[in-house]
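Colleague: Sequence:
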Amino acid sequence: MITKNMLWLAVAGIVLSSCTVVRQGDVGVKRTLGKISKRQVQPGPRLYNPFLTTIIQVPTRTTNLEVKLDLPSKEGLNVGAEISILYHIDQRLATDVVGSIGPDYEMSMILPVFRAAAADVTAGFMAKDMHTGNRLGIETAIKKSMMGLLEDRGFVIEAVLMKSIKLPAGLYRAIEEKLQAEQEAQRMEFVLQRERQEADRRIIEAEGIRDANKIISEGLTPQIIQYKTIEAYRELSKSPNTKVIVGGGKDFILNP
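Counted from 1, the sequence shown has number 816 at position 76 by this note's numbering; the numbering is strictly sequential.
Heads up, a few of these hints could be off.
Claimed, not checked - List of simulated lysine to aspartate or glutamate pairs, EDC-like, C-alpha gap at most 20 Å:
no. : residue 1 : residue 2
1   : K814      : D892
2   : K808      : D830
3   : K903      : D836
4   : K808      : D836
5   : K808      : D892
6   : K814      : D860
7   : K906      : E806
8   : K906      : D892
9   : K814      : D869
10  : K906      : D810
11  : K808      : E898
12  : K906      : E815
13  : K906      : E935
14  : K884      : D860
15  : K884      : E938
16  : K906      : E822
17  : K778      : D766
18  : K903      : D766
19  : K778      : D892
20  : K808      : D860
21  : K906      : D860
22  : K775      : D844
23  : K903      : D940
24  : K808      : D844
25  : K770      : D830
26  : K903      : D860
27  : K884      : D830
28  : K906      : D869
29  : K778      : E879
30  : K903      : E806
31  : K775      : D836
32  : K884      : E822
33  : K770      : D844
34  : K770      : D860
35  : K884      : D869
36  : K903      : E935
37  : K778      : D830
38  : K778      : D869
39  : K884      : E806
40  : K808      : D766
These aren't lab readings, by the way, just hints derived from the structure by calculation.
Quick caveat: nothing in here was measured; it's all calculated off a predicted structure.
Starting from the given sequences, assemble the full structure and let the hints guide the process.
Modeller: Given below as structure tokens:
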């Protein structure tokens with residue numbers, strides 16, 4: 741009885757070890773006695789002979805490979821960087837990747853190419869350029885260099901992203917001080933521009949008042965002044981609290 745149970749357990753173990761599931765977004769590459777089959781294994785449950793065959797799962801979906809390294813700058817400094825490499829394997833060439841490079845293709849192919857390309861590109865840039873607005877240009881140049889070496893080998897580099905840059909402490913402080921100085925200069929330029937606009941407004945306002953007074957003074961003849969004076973006294977005479985004394989052609993005298 742015990743022998744029979746052990747036999748069933750052995751059979752069950754063999755059956756289970758002969759099953760694998762190729763995940764969605766992967767393709768299976770079958771290696772039998774060291775030979776790579778050109779026929780790919782599609783996603784889903786699959787049976788195989790575990791004593792003779794190995795199924796290597798190769799991801800054809802986007803993979804994020806994160807790398808930390810020191811990059812050389814144009815002035816000879818080492819700049820710490822954390823970079824993400826987004827890539828996938830061309831499904832049509834998955835068997836070639838495993839056959840010619842092996843399943844450890846990240847360590848043996850992608851990373852060495854990336855390190856060489858990144859060093860070549862960043863050596864042409866100042867350290868401050870990696871920290872400020874030139875990141876996109878650096879990322880694009882590294883990606884282009886990698887694609888030139890890896891595309892024909894079955895790798896598609898989707899993006900190279902510089903997630904963080906760590907500059908030497910002294911250089912970082914210098915860049916921060918420069919940025920602060922530039923911001924202060926921009927603020928002062930704004931203040932000066934506003935003051936210039938206010939000065940222009942006051943000049944225009946003063947010129948308007950001057951021109952208005954000039955027009956008024958040129959239009960006030962002695963006859964008009966006398967007429968306006970008479971009108972003013974006439975309005976005052978209507979008030980019950982005002983007494984009007986009319987002189988002999990001279991100035992009016994008002995008594996309350």
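Colleague: Please go over all the hints and tell whether each is borne out by the structure.
Modeller: Here is what the structure says about each hint:
With a CA separation close to 31 Å, the supplied pair K814 and D892 exceeds the 20 Å bound. A C-alpha spacing of about 26 Å is found between K808 and D830, which places the hinted pair above 20 Å, so the restraint is violated. With a CA separation close to 32 Å, the supplied pair K903 and D836 exceeds the 20 Å bound. Between K808 and D836 the alpha-carbon distance is near 29 Å, which puts this suggested pair outside the 20 Å criterion.
A threshold of 20 Å between alpha carbons decides the hint, and for K808 with D892 the separation of about 26 Å lies outside it, so the pair is violated. Distance hint between K814 and D860 is fulfilled; the C-alpha atoms sit about 10 Å from each other, no more than 20 Å. Proposed proximity of K906 and E806 is supported: the alpha carbons are some 16 Å apart, at most 20 Å. Distance check on the hinted pair: K906 and D892 sit about 34 Å apart at the alpha-carbon level, beyond 20 Å; violated.
Distance check on the hinted pair: K814 and D869 sit about 10 Å apart at the alpha-carbon level, within 20 Å; holds. Between the alpha carbons of K906 and D810 the distance comes to roughly 9 Å, so the proposed pair stays at or under 20 Å and holds. Taken as a hint, the K808 and E898 pair is honoured in the structure, with Cα atoms around 19 Å apart against an allowance of 20 Å. Our distance criterion of 20 Å between C-alpha atoms is met by K906 and E815, whose separation comes to about 16 Å.
Pair hint K906 plus E935 does not hold up; C-alpha atoms about 41 Å apart against a cutoff of 20 Å. Of the pairs offered as hints, the one joining K884 and D860 holds, with about 12 Å between alpha carbons and a cut-off of 20 Å not exceeded. With a CA separation close to 53 Å, the supplied pair K884 and E938 exceeds the 20 Å bound. Taking the CA atoms of K906 and E822, the gap is about 9 Å. The hint holds against a cut of 20 Å.
Taken as a hint, the K778 and D766 pair is honoured in the structure, with Cα atoms around 16 Å apart against an allowance of 20 Å. About 27 Å separates the Cα atoms of K903 and D766, which puts this hinted pair outside 20 Å; it is violated. Proposed proximity of K778 and D892 is supported: the alpha carbons are some 18 Å apart, at most 20 Å. A threshold of 20 Å between alpha carbons decides the hint, and for K808 with D860 the separation of about 16 Å falls inside it, so the pair holds.
At most 20 Å may separate the alpha-carbon atoms for a hinted pair to count; K906 and D860 meet this at roughly 19 Å. The suggested pairing of K775 with D844 holds, with an alpha-carbon distance near 17 Å, which does not exceed 20 Å. Of the supplied pair hints, the one linking K903 and D940 is violated, its CA atoms being roughly 48 Å apart against a limit of 20 Å. For the proposed pair K808 and D844, the alpha carbon gap of about 19 Å is at most 20 Å, so the pair holds.
Between K770 and D830 the alpha-carbon distance is near 17 Å, which keeps this suggested pair within the 20 Å criterion. Using a Cα cut-off of 20 Å, the hinted pair K903 and D860 holds, with the two alpha carbons roughly 19 Å apart. The suggested pairing of K884 with D830 holds, with an alpha-carbon distance near 17 Å, which does not exceed 20 Å. Straight-line distance between C-alpha atoms of K906 and D869 comes to about 12 Å, which keeps the hinted pair within the 20 Å bound.
The hinted pair formed by K778 and E879 fails the criterion: a straight-line CA distance of about 35 Å is larger than 20 Å. The straight-line distance between the Cα atoms of K903 and E806 is roughly 9 Å, inside the 20 Å bound, and the hint therefore holds. Distance restraint check for K775 and D836: the Cα-Cα separation of roughly 12 Å lies within the 20 Å cut-off, and the hinted pair is therefore satisfied. In summary, the hint linking K884 to E822 is supported, as the alpha carbons are separated by about 19 Å, within the 20 Å threshold.
Between K770 and D844, the direct Cα distance comes to roughly 16 Å. Compliance with the 20 Å bound is thereby established for this hinted pair. Of the supplied pair hints, the one linking K770 and D860 is violated, its CA atoms being roughly 37 Å apart against a limit of 20 Å. Distance restraint check for K884 and D869: the Cα-Cα separation of roughly 19 Å lies within the 20 Å cut-off, and the hinted pair is therefore satisfied. This hinted pair does not check out: K903 and E935 have alpha carbons roughly 42 Å apart, beyond 20 Å.
In summary, the hint linking K778 to D830 is supported, as the alpha carbons are separated by about 14 Å, within the 20 Å threshold. Note on K778 and D869: the hinted pairing is violated, with a Cα-Cα distance of about 46 Å set against a maximum of 20 Å. Distance check on the hinted pair: K884 and E806 sit about 18 Å apart at the alpha-carbon level, within 20 Å; holds. At most 20 Å may separate the alpha-carbon atoms for a hinted pair to count; K808 and D766 exceed this at roughly 27 Å.
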